[in-house]
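Engineer: Sequence:
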Amino acid sequence: MMPTHGFEQLKTYFSGLTEYAFETRLGVADTHMIEYISDLLVRFIRCDAIYRVRNLNGNRLDQVADMLIEADGRIGHSKREVHRHIGDFALFWTGLYPEALRRAQAPGRKDYFLDYCEQGKRNYYIASTLPADTSATNSKQEENELLERLSHDFELCVYGLGEIRREWERLDGPDGKRVI
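Residue 317 in my numbering sits at position 175 of the sequence shown, with consecutive numbering throughout.
One should not assume that every hint holds.
As the list claims (entries may be wrong) - EDC-like cross-link-like pairs, simulated, lysine to aspartate or glutamate; straight-line CA separation at most 20 Å:
| no. | residue 1 | residue 2 |
| --- | --- | --- |
| 1 | K221 | E165 |
| 2 | K153 | E290 |
| 3 | K252 | E309 |
| 4 | K153 | E309 |
| 5 | K153 | D314 |
| 6 | K282 | E297 |
| 7 | K221 | D208 |
| 8 | K221 | E150 |
| 9 | K282 | E223 |
| 10 | K221 | E309 |
| 11 | K221 | E284 |
| 12 | K221 | E305 |
| 13 | K282 | E260 |
| 14 | K221 | E241 |
| 15 | K153 | E311 |
| 16 | K153 | E165 |
What the hints assert, rightly or not - What follows is a set of in silico ranges between Cβ atoms, one per label pair, in the way DEER data are often shown:
| no. | residue 1 | residue 2 | range |
| --- | --- | --- | --- |
| 17 | F149 | P249 | 33 to 41 Å |
| 18 | A207 | P240 | 12 to 20 Å |
| 19 | N201 | H174 | 31 to 39 Å |
Hints were generated in silico from the structure; no laboratory data involved. For glycine and all other residues, C-beta sits at the position ideal for the given N, C-alpha and C.
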């Protein structure tokens with residue numbers, strides 16, 4: 143487990159990179175979207191968060207095709223969370239590590255015929271239409287609107303994540319050491 147101090151530093155780092163990429167580089171001042179993407183980066187530092195969707199046997203699912211099958215078997219909030227996770231998963235890989243998609247979509251893999259951008263958009267939209275597990279009505283509406291914006295602006299978010307990666311690589315320098 144990451145120490146609290148280190149976690150807070152990481153959260154601040156990703157928050158700054160996300161604000162810079164979206165507000166300064168892209169001219170997007172959507173604070174809810176920026177916060178969501180920053181939180182996604184912090185959450186997905188942990189491999190168990192990236193692969194948190196599991197089947198009935200408890201096996202982690204590492205392909206979108208398997209996650210889609212799992213989502214079909216769920217109901218209510220659980221179904222919403224799997225669709226939301228598929229959106230997050232697709233956004234993370236297409237935005238930060240598009241080179242990894244060659245392996246994820248290699249011949250013989252279930253994701254071979256899937257378009258991650260299309261799946262990300264589709265699953266964020268589906269999640270926005272399913273009931274949320276939130277007590278405050280305003281929070282439900284805001285969350286639904288955010289998921290719908292993530293669906294609508296998926297390609298913009300992918301580009302923004304690419305900008306974030308370029309900036310952290312620039313800050314880390316070619317040898318992986320911080321230049322600032």
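Engineer: Take the hints in turn and mark each one as holding or not.
Structural biologist: These are the hints, each one checked on the structure:
1. K221 / E165: violated (32 Å)
2. K153 / E290: violated (25 Å)
3. K252 / E309: violated (33 Å)
4. K153 / E309: Satisfied, since the Cα-Cα distance of roughly 16 Å is no more than 20 Å.
5. K153 / D314: holds (17 Å)
6. K282 / E297: At roughly 24 Å apart (the allowed maximum being 20 Å), E297 and K282 break the hint.
7. K221 / D208: holds (14 Å)
8. K221 / E150: violated (31 Å)
9. K282 / E223: holds (13 Å)
10. K221 / E309: At roughly 35 Å apart (the allowed maximum being 20 Å), E309 and K221 break the hint.
11. K221 / E284: holds (19 Å)
12. K221 / E305: violated (31 Å)
13. K282 / E260: Distance of about 24 Å is beyond 20 Å: violated.
14. K221 / E241: violated (29 Å)
15. K153 / E311: holds (17 Å)
16. K153 / E165: Within the cut-off at roughly 17 Å; holds.
17. F149 / P249: 33 to 41 Å: holds (39 Å)
18. A207 / P240: 12 to 20 Å: Taking Cβ atoms as reference, A207 and P240 lie about 19 Å apart, which means the hint holds.
19. N201 / H174: 31 to 39 Å: With Cβ atoms ~34 Å apart, the hint holds.
Hint compliance for this structure: hints 1, 2, 3, 6, 8, 10, 12, 13 and 14 are broken, all remaining hints hold.
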